[in-house]
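**Q** Given the coordinates of chain B, assemble chain X onto it according to the supplied hints.
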Amino acid sequence: KNEVEQSPQNLTAQEGEFITINCSYSVGISALHWLQQHPGGGIVSLFMLSSGKKKHGRLIATINIQEKHSSLHITASHPRDSAVYICAVLYSGGGADGLTFGKGTHLIIQP
Amino acid sequence: ETGVTQSPTHLIKTRGQQVTLRCSSQSGHNTVSWYQQALGQGPQFIFQYYREEENGRGNFPPRFSGLQFPNYSSELNVNALELDDSALYLCASSLPGILYGYTFGSGTRLTVV
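Sequence lines, in order, name chains B and X.
Position 85 of the first sequence, counted from 1, bears residue number 874 in our numbering, the numbering being contiguous throughout.
Position 82 of the second sequence, counted from 1, bears residue number 1249 in our numbering, the numbering being contiguous throughout.
Only chain X is shown next, with the shape it has when bound in the complex:
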């Protein structure tokens, strides 16, 4: 049983650019959620995908968007990068509902300069 894999592990981008982060969910998990963790803070919920549809979203602007594919892997896209977007981006997969735990990836550390 594989865990959650995120790529790339580290990334440096320039302000105004666009970035795509990728996440492969744990085998059998059809729900993927994305979180942003700024330095010294707890993660903040960005959005969640279930069966290729966004079914929940936190307080993030529309320039944060995502996709989920039929194999349940997922992408997080951020347009018009800002310096404050510099953070660790975490992906977590789970089964739907409140009864199941989450498996987290190791994250992608994004630096915007």
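For reference, chain B alone in the conformation it holds in the complex:
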């Protein structure tokens, strides 16, 4: 099964900066998820995408199906955005195969 690649692995930025996290995959997918994981482990679902773009507050997620690439953007970043951001995909026809996860991007926003 193909892997999900995320970049960067680690990102440290100053409060207020515009953040971009990238995710790429190699075969067709049914859906792509962006998730947030805080220390202690709990995972929060941010977006589920199959095409186009979604926005929620300061978070924007885009996906380019032809290029097999997705980005998560954070505008006006804040220290409370510090977390691990994980991209996960559901492969086409793989509804019962579960999500395939990237290794995550560890984001630190400094005040």
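Simulated coverage check for chain B against chain X, where a stretch passes if three residues somewhere in it have a Cβ under 8 Å from a Cβ of chain X:
#, segment
1, 829-835
2, 888-898
Counterexamples of contact, computed for chain X against chain B with all Cβ distances above 12 Å:
#, residue
3, Thr1181
4, Ser1194
5, Glu1219
6, Asn1244
Sample of chain X residues lacking proximity to chain B, with all beta carbon distances greater than 12 Å (derived):
#, residue
7, Arg1182
8, Gln1184
9, Arg1230
10, Glu1242
These are computed hints drawn from the structure, not numbers from a lab.
Note that CB positions come from ideal geometry on N, CA and C, so glycine has one too.
**A** Same frame as chain B, but now just chain X:
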């Protein structure tokens, strides 16, 4: 609407022992999937249950088994624990199909010594 609840939150077991982890799915969700997350890694799919039947499985040995109950809650059982089984075990519930998102629990951190 309740979220996904996992128990226990932390657990220490000895190599060779057996462990049972529990998950209560979000109200209305009839599909539960389990994931293993080793330190510093992304979660890995263990298996998925839909209407009390296993309907998908990742690359995990048979000593990883599960159950789903009529109320859609679920158990993950691991026999003959090995040191490498030490990880965060995450449960996620959803509706079936690709159109629906997942609700994750906070996980059970298992340490095998």
